[in-house]
Amino acid sequence: MDLQVLKTLEHKRRVKIGFMWAFLCAILWGLWYIPGTAVWVLNPFDAMYGEIAATNGDGVSLIVTAVLITAFNALTVILALIVWNGVLGKFGEMKRTIKEFHPCSKWFFLAAVFGGPMAILGSFMAMGFVGGAFAAVAALMYPVVGSILASKWYGEKITKRAYTGIAFIIAGGFTIFGGGVLTELGSGNISWMGYLGGLMAAAGWGIEGAIAGKGLDISEPDVSLTIRFIAENIIWWIIIIPLLAIFGFPMFKYALLAFEPLTLLTLIFAGITFGFCYVAWYKSFPLIGVGRGQGIGNLYGLFAVIFIFLFFGDVPSWTILVGGALCLAGSSIMFLEDTGELESLRGD
Amino acid sequence: MANLRPIKFRILELCNEDGGKWNYEIVTQIQKEYDQKGNFQRDSINFDIIELASNGLLKDIEVKVDEKGIYKKGFLLHKYSITPVGQARAVNACLLNI
Numbered sequence: 001m002d003l004q005v006l007k008t009l010e011h012k013r014r015v016k017i018g019f020m021w022a023f024l025c026a027i028l029w030g031l032w033y034i035p036g037t038a039v040w041v042l043n044p045f046d047a048m049y050g051e052i053a054a055t056n057g058d059g060v061s062l063i064v065t066a067v068l069i070t071a072f073n074a075l076t077v078i079l080a081l082i083v084w085n086g087v088l089g090k091f092g093e094m095k096r097t098i099k100e101f102h103p104c105s106k107w108f109f110l111a112a113v114f115g116g117p118m119a120i121l122g123s124f125m126a127m128g129f130v131g132g133a134f135a136a137v138a139a140l141m142y143p144v145v146g147s148i149l150a151s152k153w154y155g156e157k158i159t160k161r162a163y164t165g166i167a168f169i170i171a172g173g174f175t176i177f178g179g180g181v182l183t184e185l186g187s188g189n190i191s192w193m194g195y196l197g198g199l200m201a202a203a204g205w206g207i208e209g210a211i212a213g214k215g216l217d218i219s220e221p222d223v224s225l226t227i228r229f230i231a232e233n234i235i236w237w238i239i240i241i242p243l244l245a246i247f248g249f250p251m252f253k254y255a256l257l258a259f260e261p262l263t264l265l266t267l268i269f270a271g272i273t274f275g276f277c278y279v280a281w282y283k284s285f286p287l288i289g290v291g292r293g294q295g296i297g298n299l300y301g302l303f304a305v306i307f308i309f310l311f312f313g314d315v316p317s318w319t320i321l322v323g324g325a326l327c328l329a330g331s332s333i334m335f336l337e338d339t340g341e342l343e344s345l346r347g348d
Numbered sequence: 001m002a003n004l005r006p007i008k009f010r011i012l013e014l015c016n017e018d019g020g021k022w023n024y025e026i027v028t029q030i031q032k033e034y035d036q037k038g039n040f041q042r043d044s045i046n047f048d049i050i051e052l053a054s055n056g057l058l059k060d061i062e063v064k065v066d067e068k069g070i071y072k073k074g075f076l077l078h079k080y081s082i083t084p085v086g087q088a089r090a091v092n093a094c095l096l097n098i
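Going down the list, the sequences are from chains H and V. At position 114 of the first sequence the residue is numbered 114 (my numbering), and the sequence of numbers has no breaks. At position 95 of the second sequence the residue is numbered 95 (my numbering), and the sequence of numbers has no breaks.
Extracted from the complex, chain V is given alone in its bound form (with noise of 0.2 Å):
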């Protein structure tokens, strides 16, 4: 795909949406637009994540415990929505559908 902006840029337009994602929901989207293929590539997008909340920018409004292993079992799944800061530094990025 042409024009593909840093991943993190996107994981903060994915959370923008109605309601927030969850995190493999997230990263199964990613791999896909980026073309990223395999587990290390897979957990890489989900540490993306992680440092995004870390710094505030997500917060994770919802969490559930994999039981079926959607991402993996017995961890728990977060369902991440973008934050009022995460939102300035996104704008402040010229993510323009945010």
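The following block holds chain H by itself, in its conformation from the complex (with noise of 0.2 Å):
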């Protein structure tokens, strides 16, 4: 066979694994907001909830509560990602990783800033206090925030087919993301906090993903990505947690009650989700590049949509089906770039 041929098999085939690997993100993603919607009525947090409510009003408790639960989240993350680095064999890779500060870490430990305190906790609120299907779809806007900021920023190329999937893919979350306001706004009760949680998801994530794409380029996406994670816990279970618990919070108290098998049975299921989707998602980034790694994986919309619906019988309404369909159009759009413009996802 022509060598020519030859290569672009191979081009090709490599593009497929990044689109497939964004594609798992995109169902892992989808199902973890089943455990992330249903652990809000669990005890202890349903319990925390009400007693932080009755001292200090409905909001700070939603965003007290939502603290601890992105806490126990991140926790359950690294637990799935320590197991997933042991099977690999890779901890001798993360510790050299782990001590290049200032080329690689330093860049994963921003990452979980925005990672985690902006997109995982304004996920958890917009899931307290709008829903699940909401928080899903609010976040669909990221891949705008990350695209652009990896094209102004290093340089990644987004050719003018993947600025057309994105497109749809915005007017699909702008359709389901108002079809939830404007019948909010009909019955006079908008849910604020959970509407800026979810652009607080929207942005985070979209920073996290450029961010993330600096330090990647010269480190391994599962050792980079339990990194982040590590980085994380440190911000809630160093940080956060013991300055809420100085301020009064009985954050502590809760901690401890977590350890009950229903709650802890939902909350590894919520660390298995997630953290496969990051794994999946920061595999996509260095082959199909951060633009294109958020446009697929976007369609966790969709999925999420579908499993909150099969899990809770919630019937979506005709904007978030229209939504859905705008996603899937934008997603395939990009999926079925031609690869030859990719032979290189940055400019020189």
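A hint or two may mislead.
What the hints assert, rightly or not - Chain H is nowhere near these chain V residues, computed Cβ spacing over 10 Å in every case: (1) D18; (2) G20; (3) T28; (4) N39; (5) G69; (6) I70; (7) S81.
To be verified - Straight-line alpha carbon distances no greater than 30 Å define the calculated DSSO-like cross-link-like pairs of lysine-lysine that follow: (8) V:K37 x V:K64; (9) V:K72 x H:K12; (10) H:K16 x V:K64; (11) H:K16 x H:K90; (12) V:K32 x V:K64; (13) V:K79 x V:K32; (14) V:K79 x H:K7; (15) H:K12 x V:K79; (16) H:K16 x V:K72; (17) H:K152 x H:K16; (18) V:K68 x V:K37; (19) V:K72 x H:K90; (20) H:K16 x V:K73; (21) V:K37 x H:K7; (22) V:K37 x H:K99; (23) H:K90 x V:K37; (24) V:K37 x H:K12; (25) H:K12 x H:K160; (26) V:K32 x V:K73; (27) V:K68 x H:K16; (28) V:K72 x V:K37; (29) H:K7 x V:K32; (30) V:K37 x V:K79; (31) V:K64 x V:K79; (32) V:K37 x V:K73.
Hints in this document: simulated from the structure, not taken from any laboratory. Each residue gets a CB set at the ideal place from its N, CA and C atoms; glycine is no exception.
Taking the hints as your guide, dock the two standalone chains into a single complex.
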């Protein structure tokens, strides 16, 4: 066979692997909204919410409870990732990468700041204030932030076709997002904190993706992801939770009460789906680029709506269905791109 | 070996040598230096090279079909050299001998 033909075939195979990782990420990410939504009604979080709400009001209570849930999410994710790295035999590489603070781990710590206290906390806020389906679709806009930052900052190429796909996805996001707001406007009761959470998720994940792309180019994805979650655990368990405890919130009391079978099971389900969705997400970036990785990963919005319907029986409104279809169209546009354009992901 | 740096750093160093390096040469050398045995580790190192190339830090300068099965029979063997972007990133990561 002609060498050039073999070369093109090999390149196509790589791009396909990248898209497959991104697709797997979308399924797992969509699944995550099931335990993410369910955990709010489980003890100790339900009781914690009630106790803080009685003294500090509903708004403060929801945010503080969201902090504890997010911290537990980070904890179960890191457990899943440590097992994963152990199986792959990557602890040695992890030690080597952590030591490289200036070129690598600095970026992962920064990514954790935007990914954890901004994006994941924002998502839990959106799930608690508005609902799982809303939280999922509100974050759909993150590829816009991610792609623009990656192209301005380190010159990642975004083709016209990728832009078209992203535009479709955003239109889908707006339809779903707007549908929810309009319904709530009609009832005169808008959960602004939930919508703020949705925006935090979109901006936070977009920034995280672009920052992570910077450190990822010279490190292992499995390893860098674990370092990013070690950083997030430090942020929650060593900084924010003790700080909230000092301010008088019963953080440790309820943290210790979380060891109930059903709560633990839900948290572990959250940890596994979220941990591996991140593994897949990070693996797709070096192969297809931050913008496209995020674009395909965005199908999670659609999956989340489907899973939430299947598990909780929440019938999606027509705006969610139309929006979901637009997201699917956008991701297909990106997926079917002529990969010849992707020979190198960055300009020289 | 003491003072090993992350594998991708070492790959960049190897590809900075005159005339570049073939992927099977890089993989063999890294496996030896980092004491990584087995086919899974071998493919994992090769995937690191692919990622570096996708990111534009390496480029392949020569390709041939692996007819003898040096790496994987019937597949392509690639010779890589570092790109200006890769060199700038390596300097930024304090790879002193680049």
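Of the hints given before, which are not true for this structure? The structure breaks none of the hints.
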